[in-house]
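Engineer: Position chain B against the provided structure of chain A, taking the given hints into account.
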Amino acid sequence: MFSCLFAGKRHLLPFCALCRIGGDLLIEIRFHGRGGQGSVVGAQLLAEAAFCEGKHVQAFPYFGVERRGAPVTAYTRISSTPIRMRTNIYNPNHVVVMDPTLIDVVDVTEGLRDDGWLIVNTMKHPSELEIKHPHIGTVDATHIARKYGLGSKNAPIVNTAILGAVVRATSVVAIKDLLKSIRYKAPAKAEENAKAAQEAYDSLKAGE
Amino acid sequence: MKMVLSGNEAAAYASMIARAEVIPAYPITPQTKIVEKIADLIADGKFNTQFIKMESEHSAMAAAISASLVGARTFTATSSQGLLLMHEMLHWASGSRTPVVMVNINRAIAPPWNVWADQSDSIAQRDTGWIQFYCESCQEVMDTTIQLYKICEDNDVLLPAMLSEDAFYLSHTSEPVDMPDQDAVDTFLGKFDPPYKLDVENPHSFGSLSMPHQWYMEFRYKIALAMEEARKKIVEVDREYGKIFGRSYGGMLDLYRCDDADIVLVAAGSMSSTIRVVVDELRENGAKVGFARLRVFRPFPAEEFRSLAAKVGTICVLDRSFCFGYEGAFFTEIKAALYGIDNPPLVRGYVIGIGGRDVTRNSLINIINDSNNPEIKGPVDTWVDLKRC
Numbered sequence: 020m021f022s023c024l025f026a027g028k029r030h031l032l033p034f035c036a037l038c039r040i041g042g043d044l045l046i047e048i049r050f051h052g053r054g055g056q057g058s059v060v061g062a063q064l065l066a067e068a069a070f071c072e073g074k075h076v077q078a079f080p081y082f083g084v085e086r087r088g089a090p091v092t093a094y095t096r097i098s099s100t101p102i103r104m105r106t107n108i109y110n111p112n113h114v115v116v117m118d119p120t121l122i123d124v125v126d127v128t129e130g131l132r133d134d135g136w137l138i139v140n141t142m143k144h145p146s147e148l149e150i151k152h153p154h155i156g157t158v159d160a161t162h163i164a165r166k167y168g169l170g171s172k173n174a175p176i177v178n179t180a181i182l183g184a185v186v187r188a189t190s191v192v193a194i195k196d197l198l199k200s201i202r203y204k205a206p207a208k209a210e211e212n213a214k215a216a217q218e219a220y221d222s223l224k225a226g227e
Numbered sequence: 182m183k184m185v186l187s188g189n190e191a192a193a194y195a196s197m198i199a200r201a202e203v204i205p206a207y208p209i210t211p212q213t214k215i216v217e218k219i220a221d222l223i224a225d226g227k228f229n230t231q232f233i234k235m236e237s238e239h240s241a242m243a244a245a246i247s248a249s250l251v252g253a254r255t256f257t258a259t260s261s262q263g264l265l266l267m268h269e270m271l272h273w274a275s276g277s278r279t280p281v282v283m284v285n286i287n288r289a290i291a292p293p294w295n296v297w298a299d300q301s302d303s304i305a306q307r308d309t310g311w312i313q314f315y316c317e318s319c320q321e322v323m324d325t326t327i328q329l330y331k332i333c334e335d336n337d338v339l340l341p342a343m344l345s346e347d348a349f350y351l352s353h354t355s356e357p358v359d360m361p362d363q364d365a366v367d368t369f370l371g372k373f374d375p376p377y378k379l380d381v382e383n384p385h386s387f388g389s390l391s392m393p394h395q396w397y398m399e400f401r402y403k404i405a406l407a408m409e410e411a412r413k414k415i416v417e418v419d420r421e422y423g424k425i426f427g428r429s430y431g432g433m434l435d436l437y438r439c440d441d442a443d444i445v446l447v448a449a450g451s452m453s454s455t456i457r458v459v460v461d462e463l464r465e466n467g468a469k470v471g472f473a474r475l476r477v478f479r480p481f482p483a484e485e486f487r488s489l490a491a492k493v494g495t496i497c498v499l500d501r502s503f504c505f506g507y508e509g510a511f512f513t514e515i516k517a518a519l520y521g522i523d524n525p526p527l528v529r530g531y532v533i534g535i536g537g538r539d540v541t542r543n544s545l546i547n548i549i550n551d552s553n554n555p556e557i558k559g560p561v562d563t564w565v566d567l568k569r570c
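Line order of the protein sequences matches chains A and B. Quick note on numbering: the first sequence equals residues 20 to 227 in the numbering used here. Quick note on numbering: the second sequence equals residues 182 to 570 in the numbering used here.
Only chain A is shown next, with the shape it has when bound in the complex:
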């Protein structure tokens, strides 16, 4: 015999009564990218940097086909206490957009907290973006990645560059620990990746 509890039916305990996750020190970050841009490794590098600082971390991807150009989501959790939640992130503190064309395809600010940052890889200034959010940071990570020869000219790997900007805006980790994790964990061109992160850190444009 079957019965069903449907997804849309929220008739029971109020969700908001249970939003706290063991203290205030949990930070949740969601990455939106395209296959080949390094979103999954980017989420891991940020976790690794926080791990260097003695934090508890968790990083994981959400993708279907492993194909260049397909939209990919990745998540990072950073906490001062062990992380037990193993669900996707629905109310991120911060959102990172690796490719500006995703803004037309994916609702990148869905669930983003008002006090959090939206970091976008684009040539534009935050005020020129069509998307609205109180705290937007932009960085031309594509240009920086090409400059340091990361990936190919047509398909640059922008993860380390954009992470520099993320760290500058959000202070989730210190830039020195990000550079340390990049040098330790980057699959190739460790020094160039570290330089790209530093340059992005120095060139973040902030606005709303």
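Calculated from the structure, these hints are not laboratory results. Ideal placement from N, C-alpha and C gives every residue a C-beta, glycine not left out. Hints are all accurate, no fakes.
Cut-off 35 Å, straight-line C-alpha distance, at most; resulting in silico cross-link-like pairs (DSBU-like, lysine-lysine): (1) B/K214 / A/K204; (2) A/K151 / B/K568; (3) B/K214 / A/K208; (4) A/K214 / B/K214; (5) B/K214 / A/K166; (6) A/K172 / B/K214; (7) A/K195 / B/K183; (8) A/K143 / A/K166; (9) B/K424 / A/K204.
According to the in silico footprint, chain B covers these stretches of chain A (three or more CB under 8 Å from chain B): (10) 65-71; (11) 97-107.
Structural biologist: The following block gives chain B in isolation, referenced to the frame of chain A:
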């Protein structure tokens, strides 16, 4: 040594630190990064093992059985369709009494293609004579892989074991993992030295004909006895591991805040740690909720469930798989285990997270609230988080 590792990487490192000597595997999808990481470790000169790239999972298991028969410690890894293709050889591994250790990433079965977390692949191997574990964290994947060699290679057991970890929510999730010290693992495991093996100096034959009037039935009875021995060994090894390495996982059935609980959730795999968070939150609000994590599915912890049932009012069983034509496998088996006890609890079944659908805090709270819904009479299996179709 503490590192940030995914469930895949934890399994690969565990095979290294357990000193697996032969690793036959099929390297292409639905295979995960486990064998890629093993290949890296070999290329870096860190792991001295014989890696054999096979043409299919069926052949990979055949090679693993052969390697184990000559007395080599053997490891392999697979997932979903690959595990299904192995099915025939899984029986052959337990029938040959080869203690092969395999990590299976629980991925949904096609069609439609999905590759996300779903335990139908390993549940479909229930009756193959393999010991089956389900893990909750990447750390547990590391520790349990090591424990499994100790359990399976025991002369009273000599059975293969499958460690299952949910796709993505463990396999692709990076988190801090402590890799035990090599010397301590060497001492803990010792050498694999089976009482019978393929040896040119002392020839034996394996897998030959046994007629109905000969020994086939007795061979099967011995496997049944070995599973009963495994039951004791699993608890013992987990306890001993805890003493040496500081981490243990509750043996067969891992109980969390069950002592005075009215409602107990039962589940296996990655959703377990989310359930613990929800249990803690509900406890703070005064609800007497507990959690029993099914760590081992074969041998089945029937006695553990009977002791638990004597203390609680309602058991909600969460299955991340479904046996078409009846209900979720955990639900069926738990009810059967409780048959005939005095004052049995109410047992409710929930089918959840199929094909990797996210098991959220909200899903779990819906279940707990639904469990005392007076409109539902008798044992009912309920599908959770379905979209209207």
